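K.L.:
Take a look at the letters that make up each chain.
There are 4 protein chains.
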Amino acid sequence: METTIKVLEKVKLKKPILIEGLPGIGNVGRVAAGYLINELKMKKFAELYSPHFLPLVLLQNDSVASMLKCEFYYHKNRKGDIIILTGDTQSISPEGHYEICTKIIEFVSKMGVKELITLGGFAEGKKIDNPRVIGAVNDKKLLKKYEKLGIDFGKEHPIGTIVGASGLLLGLGGMYNMNGLCIMGETFGLPLVTDPKAADSLLHVLVKLLGIKVDMSKLEKTIKEMEDRIEKTDKIHKKVLQQLSEPKKGEDIKYIG
Amino acid sequence: METTIKVLEKVKLKKPILIEGLPGIGNVGRVAAGYLINELKMKKFAELYSPHFLPLVLLQNDSVASMLKCEFYYHKNRKGDIIILTGDTQSISPEGHYEICTKIIEFVSKMGVKELITLGGFAEGKKIDNPRVIGAVNDKKLLKKYEKLGIDFGKEHPIGTIVGASGLLLGLGGMYNMNGLCIMGETFGLPLVTDPKAADSLLHVLVKLLGIKVDMSKLEKTIKEMEDRIEKTDKIHKKVLQQLSEPKKGEDIKYIG
Amino acid sequence: METTIKVLEKVKLKKPILIEGLPGIGNVGRVAAGYLINELKMKKFAELYSPHFLPLVLLQNDSVASMLKCEFYYHKNRKGDIIILTGDTQSISPEGHYEICTKIIEFVSKMGVKELITLGGFAEGKKIDNPRVIGAVNDKKLLKKYEKLGIDFGKEHPIGTIVGASGLLLGLGGMYNMNGLCIMGETFGLPLVTDPKAADSLLHVLVKLLGIKVDMSKLEKTIKEMEDRIEKTDKIHKKVLQQLSEPKKGEDIKYIG
Amino acid sequence: METTIKVLEKVKLKKPILIEGLPGIGNVGRVAAGYLINELKMKKFAELYSPHFLPLVLLQNDSVASMLKCEFYYHKNRKGDIIILTGDTQSISPEGHYEICTKIIEFVSKMGVKELITLGGFAEGKKIDNPRVIGAVNDKKLLKKYEKLGIDFGKEHPIGTIVGASGLLLGLGGMYNMNGLCIMGETFGLPLVTDPKAADSLLHVLVKLLGIKVDMSKLEKTIKEMEDRIEKTDKIHKKVLQQLSEPKKGEDIKYIG
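Residue numbers (the working numbering), protein chains in the order written: chain R, 54 to 310; chain S, 54 to 310; chain X, 54 to 310; chain P, 54 to 310.
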């Protein structure tokens, strides 16, 4: 089995922009992406499966098993259509990250994507009251465009790298001539703790950026509704790490938030 | 070398159902599968080899070496023919699990399999007197059909995932339009300890499900006979883990029961 | 780069038998193979390179670097020509073992090999004064043939598996219709300690088996001459394990003796 | 995604020699290579990307993300044109080292490279006042040629192996009929500490060897300028190792200096 994208519906999109919100630090990107999918009533049109995910199935409350996967949703929008990529997990091997992100970029490139925004959390290691939105781009000329939106590109922040899909999609996108922006909400960065405040700060930037109207008042409520599934996959990730670690303490399992 | 299925006998089966019982928690699935193979005098028709198994050969009592493998057996049955998949081991790498399970599903799909049952143990971490049979399906609509058989699909049980072949075959089978059921016998879950009670509970469900007649009185006796080989492979898994671990304590070896 | 066999000389051999002596427990197989190569003045005709070896070059005393490799030697012999496979190392990954051994078996199969003997050490964990030669075959019908030679196939010895090339070549050879024998000299099994006594016991069996005449009196002397190179590769394996382990203690490196 | 070399400018070079200076012990090779690139105002003509690098992007001071990569520079030179290979990182897996080095050798072989020099540091584990330049070649007949340049090929030095790109390029180059020299500057060998003295000693040999004129007085200054980027990638390597290690202490990440 290779990393495969299964198309559920063939859609033609106008000037589509890709937004990625996969599991990661504080679940910031995933929660923000999930909220947009809910509020915009976006429709799923493709799924991604990979041998670089954990070798297990996820059980829903009603005992129905499903493969780990990433999912693509779309939304028709005046300013340019929107694709959101979210999912249960990221690759568990370094090579897998490159393979999966390349598949994603090739897939959306064929759909006409010329711009992408990746969402993430930035772990500060302390309580954050008013989380900044810290940004990175894949082309210097994009800085001007995005600075107006209150994204912090300042030199004082100590980011040296962006690990995982949020980083690689930015880099690989650049190689496919896509303009790329990564926005990260400041968060404490505790493992397996979802941070609604950081997600909220990302959403405010996204709404302006995409020119969409979204009722922001339901975020906390929606997070509570999402929490069951988030908690399950978080627990799964933790549990599987422990499970896989017997009898040798699983030092081989890599999970990059 | 790629994962390869070597066909020993070309068989045509009517409405075949696949039952998987590979090594795992409490050896529950493997023991139940082995008992059926013995009692139904099933015939081996194919073997699976993989570079994702441990790099070793197994020695039988008479000093005859054999590759680690999985085995396919068949049985002609009025209600629908039966294929049983059992074997010495599972993949030792996450990617290997996906590769092997995909090969299996593609192989049995060509044979006409539309339904599969995977067997496993569910570790409770405590002594279980009357082990329940806990179930999961790959399609919600299957719940009704199986609930009648005393399988517990209740929400109170804490299963979030099914790891390894029992899980992935369920998930991948679903992608090939196969109805899938996983039944897990409750067991203590000690490593390398075979649990006949849990296997017995699985067998009672299987007999009803498959519409077959099997003398259940010989289970304990058969397990004792199987024990030598089971013990050997169990010891092997344990021994190999230790062996491979020198000189660096083998933290890289993964075995998922 | 894939695992590659580079042919240095095209040779036609009559009824060739393959003898494998790669590094392993007590270096028993490697030392016995090396002694035969020296005494029979065998000629190298092929080399094997693999990305599954450690990523390094070996320096000879005169500062000349060479890739890690395995080597094939041949010897014309009345009873049937002889191929000896020896080398610096084995695979460092489980999948690599399968890949390399498959390449070897396919290569010698094309040369007409129908019989193979793999050499190894059997770690007893205690001092051995008169090392037995313990054997395993890949086909029950071979036992009779070899029992006459003083090889111990008795059930009292506790071998359950043969790990690495000595085992896999036996197993894979069987799948290519080759008769296979593995002989293991009993040894203490200390890591990185060469055991001449165990090698000597193997050589006595080999001489009878191959119908060759070899002056056995020079073994200890030859081992001393080989010791420099053996020590170097042994140290290398040990040193590299340490080197690779910084800064994360190298738990990912596997070396199977 | 496979390891890929992206050609930025098609150049025709006369008798080109390849010099490799990738990150490693004491950053000796990388710093020496970087100094030559600066002083000779060399031009970049190709980049190498690989799934065997860490799965992350690097952020420059101005928040611009870039993929991890290696870079090829060229310089027209009377005695023979010069290609320098430097970069952010090396492979994080053993197999990746073989794959990347094979790609490099095949690429420069097509450009006409018949000679290569790899640069490295040799960790002495103690303070070195007058660092020797220790050498290794891939063909015995080269020793005479290089001994005149003050390179130490003496037997008293304890090098048994050269790990990573500096070693493998030497070995693989030999298989492509390239004359290869590795020169290593003696250094303390502290992790993540750049050693200008050892780099200086390498540069003195290189200048003689290549027949070029280079103002050596600016080395310390240039290192200070490079230090920001070197420090960043060093910190990245260190930081990423820590990051990846949560929640399982990342023992699976390999970085070979």
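No lab work stands behind these hints: they were computed from the structure.
Be aware that a few hints might be false.
No distinction is drawn between identical chains; accordingly, a pair holds when it is met within one copy or between any pair of copies.
To be verified - Pairs of lysine-lysine residues, derived as DSSO-like cross-links and limited to a Cα-Cα distance of at most 30 Å, are as follows:
hint: 1; residue 1: Lys-274; residue 2: Lys-156
hint: 2; residue 1: Lys-193; residue 2: Lys-59
hint: 3; residue 1: Lys-94; residue 2: Lys-194
hint: 4; residue 1: Lys-132; residue 2: Lys-179
hint: 5; residue 1: Lys-167; residue 2: Lys-266
hint: 6; residue 1: Lys-163; residue 2: Lys-122
hint: 7; residue 1: Lys-156; residue 2: Lys-179
hint: 8; residue 1: Lys-156; residue 2: Lys-59
hint: 9; residue 1: Lys-274; residue 2: Lys-193
hint: 10; residue 1: Lys-97; residue 2: Lys-156
hint: 11; residue 1: Lys-67; residue 2: Lys-179
hint: 12; residue 1: Lys-193; residue 2: Lys-122
hint: 13; residue 1: Lys-194; residue 2: Lys-122
hint: 14; residue 1: Lys-167; residue 2: Lys-180
hint: 15; residue 1: Lys-122; residue 2: Lys-198
hint: 16; residue 1: Lys-274; residue 2: Lys-197
Remember, predicted model here, so these are calculated numbers, not experimental data.
K.L.:
Cα distance capped at 30 Å. Does Lys-156 pair with Lys-59 within a copy, between copies, both, or neither?
P.N.:
The answer is both: 12 Å in one copy and 19 Å across copies each meet 30 Å.
K.L.:
For Lys-122 and Lys-198, with the copy left unspecified, which applies at a CA distance of at most 30 Å: within, between, both, or neither?
P.N.:
between (33 Å within a copy, 27 Å between copies)
K.L.:
Quick one: Lys-167 to Lys-180, C-alpha cut-off 30 Å, is that within a copy, between copies, both, or neither?
P.N.:
Neither: 36 Å inside a copy, 53 Å across copies.
K.L.:
Go through the copies and call it for Lys-274 and Lys-197: within, between, both or neither, with a Cα cutoff of 30 Å.
P.N.:
neither (35 Å within a copy, 33 Å between copies)
K.L.:
My question is about Lys-193 and Lys-122: at a cut-off of 30 Å on alpha-carbon distance, are they close within one copy, between copies, both, or neither?
P.N.:
Classified as between; 18 Å across copies, 33 Å inside a copy.
K.L.:
First find the shortest C-alpha distance between Lys-97 and Lys-156 inside one copy, then the shortest across copies, and answer within, between, both or neither for a cut-off of 30 Å.
P.N.:
both (18 Å within a copy, 28 Å between copies)
K.L.:
Pop the pair Lys-194 and Lys-122 into one bin, within, between, both or neither, using alpha-carbon distances up to 30 Å.
P.N.:
This pair counts as between: shortest inter-copy Cα distance 21 Å, intra-copy 34 Å.
K.L.:
Should Lys-67 paired with Lys-179 be assigned to within, between, both, or neither, using CA atoms and 30 Å as the limit?
P.N.:
The answer is neither: 42 Å in one copy and 58 Å across copies each exceed 30 Å.
K.L.:
Within a copy, between copies, both or neither: which one fits Lys-167 and Lys-266 at a CA-CA cutoff of 30 Å?
P.N.:
within (22 Å within a copy, 46 Å between copies)
K.L.:
Measure nothing new, just compare the shortest in-copy and cross-copy C-alpha distances for Lys-132 and Lys-179 to 30 Å and report within, between, both or neither.
P.N.:
Cα proximity of Lys-132 and Lys-179: none, with 38 Å in one copy and 59 Å across.
K.L.:
Go through the copies and call it for Lys-274 and Lys-193: within, between, both or neither, with a Cα cutoff of 30 Å.
P.N.:
between (38 Å within a copy, 27 Å between copies)
K.L.:
My question is about Lys-163 and Lys-122: at a cut-off of 30 Å on alpha-carbon distance, are they close within one copy, between copies, both, or neither?
P.N.:
Answer is both: 21 Å inside a copy and 25 Å across each meet the 30 Å cutoff.
Violated hints, listed in ascending order, are 1, 4, 7, 11, 14 and 16; each of the other numbered hints is respected by the structure.
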